[in-house]
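Asks: The lines below spell out each chain.
There are 2 protein chains.
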Amino acid sequence: MTDKNGALLKLHTLDRERMYLERAAAVLRWDQETCLPPKGVEDRAEQLALVEGLAHERLVDPEAGRLLEELESHGEALPGLPALERDFLRVFRRDYHRALKLSPEFVRECARAEGLSQAAWVDARKNNDFAAFAPHLEKMIDLARKKSEYWGWTAAPGAPGSAYDGLLDVYEPGLGAADIAAVFLPLGKKLSALLAKITAKAAASGFFSKDPRRWDVQKQDAFCRELLGTLGFDFTRGRLDLSAHPFTTTLGFNDVRITTRYAAEEPLSGLFSVIHEGGHGFYELGLDPALRSSCLAEGTSMGIHESQSRLWENVIGRSRAFWEGWFSRFTEYFLPQMEGLDFDSFYRAMNAVSPSLIRVEADEVSYSLHIILRFELEQRLFQKTLRVQELPGAWNKAMEEYLGIKPASDTEGVLQDVHWSMGAFGYFPSYALGNLYGLQFWEKLRECLPDTDAALARRDYTAIHDWLGKNIYRWGRRLEPRRLLADLTGKQLSAEPFLRYIEKKYTELYEL
Amino acid sequence: MTDKNGALLKLHTLDRERMYLERAAAVLRWDQETCLPPKGVEDRAEQLALVEGLAHERLVDPEAGRLLEELESHGEALPGLPALERDFLRVFRRDYHRALKLSPEFVRECARAEGLSQAAWVDARKNNDFAAFAPHLEKMIDLARKKSEYWGWTAAPGAPGSAYDGLLDVYEPGLGAADIAAVFLPLGKKLSALLAKITAKAAASGFFSKDPRRWDVQKQDAFCRELLGTLGFDFTRGRLDLSAHPFTTTLGFNDVRITTRYAAEEPLSGLFSVIHEGGHGFYELGLDPALRSSCLAEGTSMGIHESQSRLWENVIGRSRAFWEGWFSRFTEYFLPQMEGLDFDSFYRAMNAVSPSLIRVEADEVSYSLHIILRFELEQRLFQKTLRVQELPGAWNKAMEEYLGIKPASDTEGVLQDVHWSMGAFGYFPSYALGNLYGLQFWEKLRECLPDTDAALARRDYTAIHDWLGKNIYRWGRRLEPRRLLADLTGKQLSAEPFLRYIEKKYTELYEL
Numbered sequence: 005m006t007d008k009n010g011a012l013l014k015l016h017t018l019d020r021e022r023m024y025l026e027r028a029a030a031v032l033r034w035d036q037e038t039c040l041p042p043k044g045v046e047d048r049a050e051q052l053a054l055v056e057g058l059a060h061e062r063l064v065d066p067e068a069g070r071l072l073e074e075l076e077s078h079g080e081a082l083p084g085l086p087a088l089e090r091d092f093l094r095v096f097r098r099d100y101h102r103a104l105k106l107s108p109e110f111v112r113e114c115a116r117a118e119g120l121s122q123a124a125w126v127d128a129r130k131n132n133d134f135a136a137f138a139p140h141l142e143k144m145i146d147l148a149r150k151k152s153e154y155w156g157w158t159a160a161p162g163a164p165g166s167a168y169d170g171l172l173d174v175y176e177p178g179l180g181a182a183d184i185a186a187v188f189l190p191l192g193k194k195l196s197a198l199l200a201k202i203t204a205k206a207a208a209s210g211f212f213s214k215d216p217r218r219w220d221v222q223k224q225d226a227f228c229r230e231l232l233g234t235l236g237f238d239f240t241r242g243r244l245d246l247s248a249h250p251f252t253t254t255l256g257f258n259d260v261r262i263t264t265r266y267a268a269e270e271p272l273s274g275l276f277s278v279i280h281e282g283g284h285g286f287y288e289l290g291l292d293p294a295l296r297s298s299c300l301a302e303g304t305s306m307g308i309h310e311s312q313s314r315l316w317e318n319v320i321g322r323s324r325a326f327w328e329g330w331f332s333r334f335t336e337y338f339l340p341q342m343e344g345l346d347f348d349s350f351y352r353a354m355n356a357v358s359p360s361l362i363r364v365e366a367d368e369v370s371y372s373l374h375i376i377l378r379f380e381l382e383q384r385l386f387q388k389t390l391r392v393q394e395l396p397g398a399w400n401k402a403m404e405e406y407l408g409i410k411p412a413s414d415t416e417g418v419l420q421d422v423h424w425s426m427g428a429f430g431y432f433p434s435y436a437l438g439n440l441y442g443l444q445f446w447e448k449l450r451e452c453l454p455d456t457d458a459a460l461a462r463r464d465y466t467a468i469h470d471w472l473g474k475n476i477y478r479w480g481r482r483l484e485p486r487r488l489l490a491d492l493t494g495k496q497l498s499a500e501p502f503l504r505y506i507e508k509k510y511t512e513l514y515e516l
Numbered sequence: 005m006t007d008k009n010g011a012l013l014k015l016h017t018l019d020r021e022r023m024y025l026e027r028a029a030a031v032l033r034w035d036q037e038t039c040l041p042p043k044g045v046e047d048r049a050e051q052l053a054l055v056e057g058l059a060h061e062r063l064v065d066p067e068a069g070r071l072l073e074e075l076e077s078h079g080e081a082l083p084g085l086p087a088l089e090r091d092f093l094r095v096f097r098r099d100y101h102r103a104l105k106l107s108p109e110f111v112r113e114c115a116r117a118e119g120l121s122q123a124a125w126v127d128a129r130k131n132n133d134f135a136a137f138a139p140h141l142e143k144m145i146d147l148a149r150k151k152s153e154y155w156g157w158t159a160a161p162g163a164p165g166s167a168y169d170g171l172l173d174v175y176e177p178g179l180g181a182a183d184i185a186a187v188f189l190p191l192g193k194k195l196s197a198l199l200a201k202i203t204a205k206a207a208a209s210g211f212f213s214k215d216p217r218r219w220d221v222q223k224q225d226a227f228c229r230e231l232l233g234t235l236g237f238d239f240t241r242g243r244l245d246l247s248a249h250p251f252t253t254t255l256g257f258n259d260v261r262i263t264t265r266y267a268a269e270e271p272l273s274g275l276f277s278v279i280h281e282g283g284h285g286f287y288e289l290g291l292d293p294a295l296r297s298s299c300l301a302e303g304t305s306m307g308i309h310e311s312q313s314r315l316w317e318n319v320i321g322r323s324r325a326f327w328e329g330w331f332s333r334f335t336e337y338f339l340p341q342m343e344g345l346d347f348d349s350f351y352r353a354m355n356a357v358s359p360s361l362i363r364v365e366a367d368e369v370s371y372s373l374h375i376i377l378r379f380e381l382e383q384r385l386f387q388k389t390l391r392v393q394e395l396p397g398a399w400n401k402a403m404e405e406y407l408g409i410k411p412a413s414d415t416e417g418v419l420q421d422v423h424w425s426m427g428a429f430g431y432f433p434s435y436a437l438g439n440l441y442g443l444q445f446w447e448k449l450r451e452c453l454p455d456t457d458a459a460l461a462r463r464d465y466t467a468i469h470d471w472l473g474k475n476i477y478r479w480g481r482r483l484e485p486r487r488l489l490a491d492l493t494g495k496q497l498s499a500e501p502f503l504r505y506i507e508k509k510y511t512e513l514y515e516l
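Protein sequences, first through last, are from chains V and D.
If you use the working numbering, the first sequence corresponds to residues 5 to 516, in order.
If you use the working numbering, the second sequence corresponds to residues 5 to 516, in order.
Just so you know, these hints were derived from the structure itself, not from any lab.
Only a predicted model underlies this, so the values are computations on that prediction, with no experimental measurement involved.
Hints are not guaranteed to be accurate.
Note that the list lumps identical chains together, so a pair holds whenever it fits in one copy or between two copies.
What the hints assert, rightly or not - In silico DSS-like cross-links for lysine-lysine, where the CA-CA straight-line distance does not exceed 30 Å: (1) 474 / 43; (2) 14 / 43; (3) 495 / 474; (4) 495 / 508; (5) 8 / 105; (6) 193 / 105; (7) 410 / 205; (8) 474 / 448; (9) 130 / 388; (10) 410 / 388; (11) 509 / 474; (12) 474 / 201; (13) 143 / 401; (14) 194 / 448.
Put together the whole structure using the sequences plus the hints.
Replies: Structure follows, in structure tokens:
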């Protein structure tokens with residue numbers, strides 16, 4: 005018993021040191037995106053490489069392996085160990101083995117290839133020259149396949165699936181390509197059909213981007229701070245800042261920072277980024293204090309994280325009830341600009357549906373289609389049923405099938421996203437999984453809290469946070485996504501709640 | 005030759021890692037003072053302790069000791085080694101031995117005692133209760149004496165000086181208490197006499213603090229940014245931010261950040277802080293790129309650093325010529341507030357002399373007196389000719405002798421500064437040394453650049469920076485203060501140039 009506890013304490017010390025170093029690295033990265041003087045980048049890269057390297061050293065410390073073995077020698081079940089400690093050991097072991105299976109040489113090779121690949125992608129995108137990027141993409145796919153194999157996926161003849169499964173598992177533990185395909189493919193068909201109905205019925209009325217009146221950026225910021233605070237973001241435990249691309253980062257248990265950017269010609273893009281990142285922030289700020297400074301103190305997966313951000317941004321933030329609470333306040337901030345704009349037009353404008361070429365600008369109906377398309381292409385690349393040089397053609401074909409539009413260039417087609425150039429295969433699905441999880445949670449929440457619309461209309465978010473906190477936020481990595489979902493909803497991953505939500509909302513909106 | 009170079013390269017790697025970690029810790033500290041959400045302090049303290057501990061590990065790495073020995077075995081002179089490498093070895097060795105001589109247990113004991121002492125000082129200051137702080141101060145003096153002994157000062161009977169010499173050497177390498185006393189004591193008498201003459205002649209006319217008109221803080225910031233940029237601060241290599249107490253910190257070779265704070269009732273306090281910290285910044289930004297990321301890449305001493313900040317703040321920033329360049333611009337920024345205020349009154353107001361109880365609010369004439377008083381008391385404490393319980397009395401007596409005023413309470417007397425509670429004995433002299441060095445440099449600069457007043461009046465600072473850069477900035481820690489001063493002026497430390505400057509300026513200003 006003493007030995008077991010001694011080993012466990014030592015493991016916690018290693019883990020805590022790793023987490024403090026990772027948080028320190030996160031401070032360096034946050035500063036880089038928000039504050040760093042332009043010429044400071046070189047030294048910062050060196051500082052980051054060093055601090056991240058030291059964090060990694062703690063993760064793969066041979067002492068950790070020895071301690072894990074010692075604890076295992078006490079028997080599989082480790083009798084008497086509290087559930088929290090069991091979860092800690094499971095997650096620590098997962099991180100340890102995953103990290104250990106990649107040799108330092110291989111990690112360096114990946115980093116080098118990634119650097120070259122990203123630079124090539126920037127040029128290729130600028131010059132609309134997919135061919136110039138193709139060899140780098142081949143290389144990144146090759147390295148990703150190797151990575152998946154190092155992690156334990158086997159290419160033995162007759163083995164099910166592809167190396168892609170091993171990659172998906174990084175972002176969404178326990179979910180394979182077949183599980184995702186079973187949900188994504190029918191969803192794609194239905195969303196595509198709905199989108200076609202909407203576009204046949206009406207042209208989008210996105211008045212904001214065409215409005216020549218300027219929306220004062222300082223006022224946007226003031227409104228967003230009021231909104232974020234009212235939504236429940238605790239500014240004694242976090243910050244809102246500006247950066248080129250919005251993001252959320254955790255620098256400490258009581259230090260979660262989100263960023264946004266504002267455009268003077270358009271007031272809602274910055275605002276919805278704030279709500280989206282706020283959703284990520286609520287999750288990280290809602291962790292059980294017992295997980296503090298341990299490897300459990302993070303969101304459990306990319307998909308669950310996106311379920312929170314997309315729930316707040318879209319399901320809550322673009323709802324009638326929500327704006328019943330905020331419309332008049334927003335109008336006070338932007339009196340001249342909002343003159344003559346009634347609630348309904350405002351609500352329609354923020355929910356305008358229009359198939360577009362670019363994922364990050366997509367509306368709620370077409371967004372998941374962009375993701376499903378990418379998922380299918382990734383799967384085929386790793387199944388080797390699609391070659392890299394065939395990718396632009398396959399992309400354009402799928403765009404036409406799903407969205408009914410076709411990119412005029414690869415720049416606004418297959419080259420638009422940074423993810424593949426970084427070798428982040430398996431990451432895209434998280435975005436659409438977030439939509440699905442989000443609505444599975446939301447249906448359950450509304451069962452438990454039937455007065456939610458009224459609460460939203462009076463800007464009272466307490467019950468929502470209490471429910472999400474108790475059922476999702478606090479668990480961190482203790483519950484894997486599958487388990488979290490099953491415990492809470494009694495269901496597996498399903499697109500039904502999301503489809504119900506989308507069909508109801510947009511049938512009404514577009515009077516289909 | 006190969007071995008020697010191999011050992012040197014390894015030493016540089018250790019040194020670079022230490023410096024990157026120290027810079028990373030500086031990022032964490034900067035963020036703490038400017039950005040950190042209030043509740044983030046606890047985790048930040050842990051992150052800082054860890055990163056600073058890792059930096060320290062590199063400094064005292066036994067491998068460093070082995071490499072230094074190996075290099076020494078190649079002979080004292082290390083024939084063929086470039087001067088830069090010799091300087092590197094000298095400074096690295098100094099840091100290494102200094103750090104090695106304090107055991108980890110002793111460092112922890114100091115940190116613990118410092119924490120308690122600072123907390124006790126905060127309370128004692130609030131409650132005007134010196135007696136409650138006295139035991140902590142005794143302890144800090146005792147620890148400082150031990151530290152000095154560990155570093156090599158010997159208490160043997162007949163040994164010259166006191167443990168204080170060993171502490172002074174931290175901040176001002178090569179300068180002992182006797183050297184400083186020889187200059188400070190006559191300076192104190194002369195400044196005190198001048199101050200008495202001024203106060204007999206005229207009451208101070210510090211109109212700013214009494215002015216009920218508010219000075220818009222955003223305008224102050226805009227003016228300060230314009231001023232700082234024009235002075236030559238490169239915003240692609242640095243930043244200006246807000247913090248409770250102004251400071252300068254180096255986060256990378258191209259990342260030097262200064263802070264200030266603004267008061268709406270007074271426009272010059274924030275502004276002179278910007279110029280003061282800007283002076284520190286110019287020094288750090290002017291280092292020779294060859295020193296980058298090494299232990300040489302810092303100002304050579306606290307005193308020399310203060311010589312730069314105080315030169316810019318006072319000698320340049322409070323001069324007639326400087327404001328001939330900026331008065332009309334400043335008036336443009338603050339048109340209503342400046343109405344009816346002519347150049348002469350403005351210039352007089354910023355140079356108003358009035359003995360005050362608080363060091364940080366002191367004018368140019370009395371500032372050094374506050375320092376000399378502290379130096380004398382520190383010296384007596386370490387010579388054991390003054391006991392801690394006698395300190396308040398000695399303080400008040402010296403205040404009356406030097407400044408002709410007496411604190412009504414210890415809070416605005418002996419308890420006003422944080423330094424002693426931190427055990428930073430020997431730090432205070434740097435401030436006055438900065439005044440002296442600064443004028444020694446400035447007299448030389450004006451010999452070389454006789455048109456300086458005209459350049460200042462047309463806001464052209466290029467020649468000044470070129471001269472300071474070539475003679476001071478670029479050297480970093482390669483030249484110790486004594487050597488820097490001797491090479492540049494041919495002189496030892498002297499108060500004569502400072503006294504000449506003060507007497508001329510204030511005799512004219514107060515028509516003595």
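Asks: Which hints, by number, does the structure contradict?
Replies: 6 and 12
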